[in-house]
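A.B. asks: Letter by letter, the chains look like this.
There are 2 protein chains.
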Amino acid sequence: MSMSEKEKGKEKALKLIEESIKFILVETTHPGNIGAAARAMKNMGIKQLGLVSPKEFPNEKAFYRAKAATDVLENAEVYKTLKDAISDSHFVVGTSARNRKVPWPIVTPKEAAEKILSLSQQPESKIAVIFGREDRGLTNAELGLCNLHVHIPSSEEYTSLNLSQAIQILAYEIRLKALSVEGMLEEQEWDVPLAENAEVERLIEHFEELMQEIEFYKVDNPRQLLTRVRRFFRRSKLDHLEANIFRGVFASIQKKLKK
Amino acid sequence: MSMSEKEKGKEKALKLIEESIKFILVETTHPGNIGAAARAMKNMGIKQLGLVSPKEFPNEKAFYRAKAATDVLENAEVYKTLKDAISDSHFVVGTSARNRKVPWPIVTPKEAAEKILSLSQQPESKIAVIFGREDRGLTNAELGLCNLHVHIPSSEEYTSLNLSQAIQILAYEIRLKALSVEGMLEEQEWDVPLAENAEVERLIEHFEELMQEIEFYKVDNPRQLLTRVRRFFRRSKLDHLEANIFRGVFASIQKKLKK
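So the protein lines, in turn, are chains A and B.
Counting in the working numbering, the first sequence runs from 1 upward without gaps.
Counting in the working numbering, the second sequence runs from 1 upward without gaps.
Don't take each hint at face value.
Same chains, same names: a pair is fine if it fits in one copy or spans any two.
[Said to hold, decoys possible] Taking lysine-lysine pairs in the DSSO-like style, the calculated list, with each CA pair at most 30 Å apart, reads: (1) Lys110 x Lys8; (2) Lys8 x Lys256; (3) Lys67 x Lys12; (4) Lys12 x Lys259.
No lab work stands behind these hints, which were simulated from the structure alone.
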């Protein structure tokens, strides 16, 4: 069977989203929502599900609501903390209600899908999309672990979507982007894999440590300083080598300072 | 309060979708799905709900799942037949699983949303979007009453979306079209102006200077190291404050090292 180049590109993109994307649900209260999420994901060809401290799981309500997506539930991985869940992720997208004091780069679901698809083409990339609790979403600390924040444009009269509906919209946009693949092949492959999440986290911690050692504080608002540094490193999509260079530099500085 | 033309256009479009669009659910079996549908609609600013021979309605499960969209349920109109429900509609869109023997013009949710928005601008237009039964959608006869068929692109492995999820996607696309401003959220103002080119250049030079002072060189290829650092800072779109923080940290380190 011969396929057009476009068909091949599409098939490849659909395979990539299945292999590289994991949806992670943090402290979900209702098991029915986990089942509905699994179905919404599989309908769009996304199958990797991570659960951080779900209130009740496994649970028959989840399996009932998943309908023909029980395989997604059976293969779901359960973690104690969000940090565990994303430790091997190269890129982390967090869903946000969008009224933070320090603004982060915040994008539409469509823009997030474009970014995710483009990153999924990096060899062996692992991309996590994080969804918060039914009643209050993700905490600021959890959003601080993300590289990108996405916001679903909802009505001012009623902004809060059901969890599985938010998942449906993100999954739908990712699938649409995979089906459209236009311009996909134009993306130049990066020479070095992206830094894994744990590497970026260590780098940020290392920089904070260094700032403490040199007693560098903005007098007026030290916490904001740390938030800004974190936000910078999180959004800048470091690759593995860049992370190594910075850590090497920081370590050398610390060594010199100790002499 | 004065608004830009763009803001006025957006507000008008949102008002039009509220006034002109009705979502109609045909013979829904599970009242929970009706409640979830009401919430999904209101989240996107669509409030007119029609129900054709629902199996159980009103029902407390529907009200439970609707959460803060109970007003949509309270105002829902119940009809005996689909023909009754659409008798005053000017344009009818039907959702379809897309494997009909006689092909109809079939569009994506995005294309349907464009059509719907453009029609909503006609004075007093009434547009109906029809959703079928949970297990088998709309009949051929019902689809025959529609002007346009829309299909949600789903995975071949699992094509059938939950009813309220299909409703969420259509409502989302209609809202996006009303907001109509691709990349809208990008316009969110950053709190700090971006660093000017000369600032970034000084920052890079400062970092290079620091690396020399601590004698940090990769033995194999020092030039590549500098190139990588430069590429990193150049592509990361630093803002003015971030550039200042880094330069402040570098200067403090240099001062400490000199002691």
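A.B. asks: Next step is simple, just say for each hint if it's right about the structure.
C.D. replies: These are the hints, each one checked on the structure:
1. Lys110 x Lys8: both (23 Å within a copy, 24 Å between copies)
2. Lys8 x Lys256: Answer is neither; intra-copy 54 Å and inter-copy 58 Å both fail.
3. Lys67 x Lys12: within (27 Å within a copy, 40 Å between copies)
4. Lys12 x Lys259: Neither: 54 Å inside a chain and 58 Å across chains, both beyond 30 Å.
Hints 2 and 4, counting from the list given before, are not met by this structure.
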